[in-house]
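What follows is each chain in one-letter form.
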Amino acid sequence: MSGEPIESVVIVGGGTAGWMAAAAAARFLDDGRRTITVIESEAIGTVGVGEATIPPIRGFNARLGIDEADFLRATGGTPKLGIEFVGWTDGKDRYFHPFGTHGRDIEGLNFHQLWLKLRGREGIGPIDDYAMSAVAARHGRFAHPSPDPRSPLSGLEYAYHFDASLYAALLRRHAETQGAVRIEGRIVGVERDARGHVAAVRLDDDRRIAGDLFIDCSGFRSLLLGETMGVGFDDWSHWLPCDRAIAVPTARTEPLLPYTRSTAHRAGWQWRIPLQHRTGNGHVYASAFVDDDEAERVLMAHLDAAPSGEPRRLSFKAGCRTRLWEGNVVALGLAGGFLEPLESTSIHLIQAGISKLFGLFPDRRFTDVERDEYNRLMRDQYAAIRDFIILHYAATRRDDTPFWNHVRTMPLPDTLRRKIALFREKGRIFRYDDELFAIPSWVAVMLGQGIVPDGYDPVVDALDEDRITGALHQMRAANAAMAQQMPRVG
Amino acid sequence: MNRRAGLDRIVVVGGGITGLCAAIAFRRALPRTAVSLIAPPADPAALADRLPAVDQRGLALLARIGIGEEALVAAGAATHRVGQTFAWGDAAFTIGEGDGVAMLAGTALHQLWHAHGDGAFDDVVPGAALAKAERFVHPDDRPDSLLSHVDYALRLDPDRASSWLRHTAERAGIVVSPAARVSPEWRDGRCAALVVDGTRVEADLFIDASGPRALLASDRTAWIDWSATLPIDRLLLGTVPSAPSPCDRYDATDDGWTARWPLLDRTLVGTAFAADAASDARAKRLAPARTERIDIRPRRQVAPFAGNVLALGDAAAAVGPLGWLGLPLALAQLDIALHLMPARGDGPLLASEYNRRATLAADHIHAYAAAFYLAKPLRRGAFWRSMRDRTAPPELASALVQFGRRGSLPPIEEAMVPRGLWQQTLIGLGVRPQIADPVAGSVSAVSAVAALSQLRRAVAALPATLPRYPDYLAGMMKAVA
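As given, the protein sequences belong to chains A and B, one line each in that order.
Mapping of the first sequence onto the numbering used here: position 421 corresponds to residue 421, and the numbering continues sequentially without gaps.
Mapping of the second sequence onto the numbering used here: position 363 corresponds to residue 363, and the numbering continues sequentially without gaps.
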């Protein structure tokens, strides 16, 4: 087998995953010889996953040279400072998962350890008050983060809400400008070579598209990885039983809110994602616990404006392929796996798949060295995000419906069980290598869901109590004052 | 009331640098806790105490517990290491501390160099250039300055540093008492007490920093043997007079290697070999007239935090003399222990989390040290020939496979060695990627070559603008004094 470089990359399917891969490949893999081809059929709709994102998307756009103002204009995008969870703990509660950090660490101690000691005292308040993103979100304000570590804005982080189909269109323009070629057509057959690798795909007009590396962005169908290569699916629906969604747009409301809202219902939850031109809404639910018509009724009863389109129904199953790369086929997006959009991770998983693929880019020998490493890293990513999503369900105190009783009492993955136990006992967070959600995210959700540790780090007692109380008062006041100075969104 | 009540009493066993740092650290973190230190006769093979370096993570930890670099330097107890030269095969190479210039022309520097460069890789590493010219100044943080890409470690003078730390410990209220004999009383998986010269001493937490003898280990303590992957088991250690230098030097010999480790007013000289490949007499031919022979047994504890005993330094993991990696590992493990901070009544969860992280760090250091023997064994000498059919530890094997394929390293949790240092080392040892990095390949040859030669010229011009190290060090000692 030759160690020749890969000359042709064929991306099967457009949509968010396909055009993200194409734009990045056209920008970073162009050595003057390599061709990037996207096969897309206008007859096949796209799911348009993930209208909300998490902060790493900003790095992806920046590396592609996409200007933020152009991007927001082209995609109807708005800034996102975090997620407000409503009714997840006992049905009546609210908490906020902010991007960025809570307060400042003092003498190497995590901020939340200080807060845990002082939380009952006067003037300390909820931990949200220490997250600049949460305070700004509460006031409907937004400003860019500051590089100056003394500014409260240094602890702020943000991502975007945007229209995923407009984002795909923007990326398509970028990709095509950089030399990627789009082919319109529907795939009707796949040819494999002696090694079992995909050699070419055949289109409905009898055209044959050959390639060295195939990127499967065909959505839930998983045409190449699942159907052709026969890679199995690891079903996680026993931990994440939601398997349906109904989405409906509504007219934009004022004021524009710089965060996603996730409201728990009797057998699932509802998203609210504000864009410039409309608000995205959807009800994610478990069909074993509620029927489709009832789910639609619940969604329509909880909209804050009139619907501006027809409701659209989707089905899915939580889990991911046992291998994300098999032979010469790498799956991105829904073709590789699905995790419900509770923490807006779908687009990030596409982005992570792209950057790890480029970091482990093979040659035409396609040895196991790259493949195994890629599969290991991506499986770890999926599992870590899976655990973080399960936490929201498992930590509930709700016992008002069979759905919540099921998720509250189900057995958990060992990795998550240990994390919850250590936090409950010690306020400690395990953080594994390369994990996407950092300590402040786990702390926000653990505390928000009512998992409050029994004690705090004994080292906190070594610090002068008046001094740390003063420091916390000062941080809280600085965030509140800064929020007043920030402009309103929109 | 805090349910996680702090420890009342901590007893550290071991009067070397590792034990002293641990005692001071716990004392500062828990001012209401009684901390005492029992110093049995020093273990001659405690290399974390005898060949002590402090890396950047260790410096940050020491600063947090009130041990500043300036004070150590002023006491004549520390010098700076900006790089290390290895005459390890056909061509000598120098590695600079830290990550160096990581990115150039929007791509990883080492990939760009591999795709488009000529000349040696260390010519584009500013720290390596300083080491070769024996110059050093502290890094700055101006993004356009080459000195922002330089890093350093401290080498401690074992005698001066331990006596300085001992004063610091006593001033902090730590009772230091010498002891002739120390033995643990184990009961139900916990150390009930230590018997110190016939007297029983109890504590909530015992720290075993007694060196490779691991005085507090029980008969149930399990070990992982590293002798196949860290093959040096003898070190002849001597001293020659010299001026300070910021560069260590290693020369491969047929039987192992020799090293020169310069301190403030003398240079430690080491001759390292394996007893089954060379006799002491044969090894002595390369050593100064008077040397001490140190027997080394590379290994680590399976679970360095067992019950209420936390092993640190060579008692937890003995990584050998190359690179002075023992103390950086001990300080990193101390850092993890402080971060997790054991309390009274902790369940097994905390200890297992400590052991998970501490052994990841140990295995990473082990893999890095093993790279010098196993990545590309030399073609001469029985010692090196016997390395060829040895199996690399898993962390090194995967680094070699991944780096050998396309020059990238797998992400590592509890990484002990900066990624840039790994890259420099593997390149220096002669490991080259088979596949060109596609991102580096997408940079045009003209702009890549221009960027690389501009960097090489700037790196080459840097040392001449800086003072000689002895002058810089003397200035620093005077300024602090």
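Rather than coming from a laboratory, the hints here were simulated on the basis of the structure.
One should not assume that every hint holds.
[Said to hold, decoys possible] Covered stretches of chain B, as calculated for chain A (at least 3 residues, CB under 8 Å): (1) 23–32; (2) 52–58; (3) 62–71; (4) 314–327; (5) 448–460.
[Unchecked claim] Just a few of them, taken from the derived set where beta-carbon distance is under 7 Å, the chain B residues facing chain A: (6) R4; (7) G6; (8) I224; (9) S227.
[What the hints assert, rightly or not] Derived CB-CB ranges, DEER-like: (10) L436(A) / A222(B): 32 to 38 Å; (11) L436(A) / A5(B): 47 to 53 Å; (12) G450(A) / S177(B): 47 to 53 Å; (13) R73(A) / G475(B): 39 to 45 Å; (14) S386(B) / D67(A): 55 to 61 Å; (15) R432(B) / T415(A): 46 to 52 Å; (16) D144(B) / E7(A): 58 to 64 Å; (17) H139(A) / R432(B): 52 to 58 Å; (18) R432(B) / H473(A): 30 to 36 Å; (19) A306(A) / A5(B): 36 to 42 Å; (20) T401(A) / S218(B): 50 to 56 Å; (21) L466(B) / L72(A): 55 to 61 Å; (22) T415(A) / G475(B): 50 to 56 Å; (23) L436(A) / R432(B): 43 to 49 Å.
All C-beta atoms, glycine included, are put in the ideal place defined by N, C-alpha and C.
Compare the structure with the hints numbered earlier in the document and write down the numbers of the violated ones, lowest to highest.
Of the numbered hints, 2, 3, 4, 5, 8, 9, 11, 13, 15, 16, 18, 19, 21, 23 do not hold.
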